[in-house]
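Participant: Listed below are the residues making up each chain.
2 protein chains.
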Amino acid sequence: MLTRNQVKAAQERTAELLQGAGIILSEEERANIEVAAFGLDELEIQGLELVTYVNNDRYCAKELALFPGQTCPEHLHPPIGSDPGKMETFRCRAGKVYLYVDGEPSQPIGATIPPGSESCYTVFHEIVLLPGQQYTIPPGTLHWFQAGDEGAVVSEFSSTSRDEHDYFTDPRIQRVAVLAEE
Amino acid sequence: MLTRNQVKAAQERTAELLQGAGIILSEEERANIEVAAFGLDELEIQGLELVTYVNNDRYCAKELALFPGQTCPEHLHPPIGSDPGKMETFRCRAGKVYLYVDGEPSQPIGATIPPGSESCYTVFHEIVLLPGQQYTIPPGTLHWFQAGDEGAVVSEFSSTSRDEHDYFTDPRIQRVAVLAEE
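Chains as they are written, first to last, in the numbering used here: chain A, 1 to 182; chain B, 1 to 182.
Treat each hint with caution, since some may be false.
Said to hold, decoys possible - Heads up, simulated DSSO-like pairs for lysine-lysine below, C-alpha to C-alpha not over 27 Å straight-line:
1. A:Lys96 - A:Lys62
2. B:Lys62 - B:Lys8
3. B:Lys96 - B:Lys8
4. A:Lys62 - B:Lys96
5. B:Lys62 - B:Lys96
6. A:Lys62 - A:Lys8
7. A:Lys62 - B:Lys62
8. A:Lys96 - B:Lys62
9. A:Lys8 - A:Lys96
As the list claims (entries may be wrong) - Not close to chain A: a few residues of chain B, all C-beta gaps over 12 Å, as computed:
10. Ala9
11. Gln11
12. Arg93
13. Ser106
Hints are computed from structural coordinates only; laboratory data are not their basis.
All C-beta atoms in this analysis are idealised placements derived from N, C-alpha and C, irrespective of residue type, glycine included.
Can you make the complete structure from the sequences, with help from the hints?
Facilitator: Printed below as a string of structure tokens:
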């Protein structure tokens, strides 16, 4: 679990990353940057920082930020009722992103699988995104992504987000954040 | 009608505006910036420049650029079959945007109605957007918008775009571009 101070420090680093990418946030957005450690205790290695601009019953838009080498763990967005599952387009705004999706495995890959979590990474078809490049992930597709050495900022355009339904390969993962007492 | 040279010049100005807002485009995106003069012969006064990142059957994301004082004419996105009409969120990235939607008229308003087209502007509820501010326009709502003195860059997050179905208050308007012979 993250402490409030850890969350605050991560929010400040994220605000700097976004500012470096020319992205302007309101004071409220800056104060509410989401820091997702996924219930694992290694934010720097496995984690993701998010600003959600809008998420309604038709579409969603977020900025995703990754610290240098930080990995968003492998997951997929399952169908929910008549919704075939979240479809999402990642557009790299700054830094470098190693994105992996289900498909023909690339070899070697540019990312480093988080040590100790090797069994929780199973798809290795690599897409490298630099600023101005984008990729659309179909619904129900396992994927994970990692930032290069300078971190990364990614705009995510998608159908409605229902994060609480996401399936993660790592059974230890909790998507909804829990704060530790200081 | 715009000539190819006019389109090219507008594309170059747009690329500069976007670059100034920290937005990185691919070469292909830069070469294909959409310049919409709406069939009116006054791009500088009534027009809009667009880059569409993605438009699928679930969501759409675009960058909109406006030259200083340029106005996107009044229109709405009607229902189409089971689709209640396009819903869109405008997020200002750079410059200043005067946005007008149906509702209690503001008085005075910050924008200047394009001279000679006064009868084609009928909604005056003003929302001013500065960088980091955003507004969501419900489906079927008449709206128009104008940039301030430095132009503007706006990220648009929305449901699927079907521009060819848009209703414009000005009966002279053609949404689909026609190029003039040089």
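Participant: Next step is simple, just say for each hint if it's right about the structure.
Facilitator: For each hint, the structure was consulted:
no., hint, result
1, A:Lys96 - A:Lys62, "holds, 18 Å"
2, B:Lys62 - B:Lys8, "holds, 19 Å"
3, B:Lys96 - B:Lys8, "holds, 25 Å"
4, A:Lys62 - B:Lys96, "holds, 22 Å"
5, B:Lys62 - B:Lys96, "holds, 18 Å"
6, A:Lys62 - A:Lys8, "holds, 19 Å"
7, A:Lys62 - B:Lys62, "holds, 14 Å"
8, A:Lys96 - B:Lys62, "holds, 22 Å"
9, A:Lys8 - A:Lys96, "holds, 24 Å"
10, Ala9, "holds, 22 Å"
11, Gln11, "holds, 16 Å"
12, Arg93, "violated, 7 Å"
13, Ser106, "holds, 22 Å"
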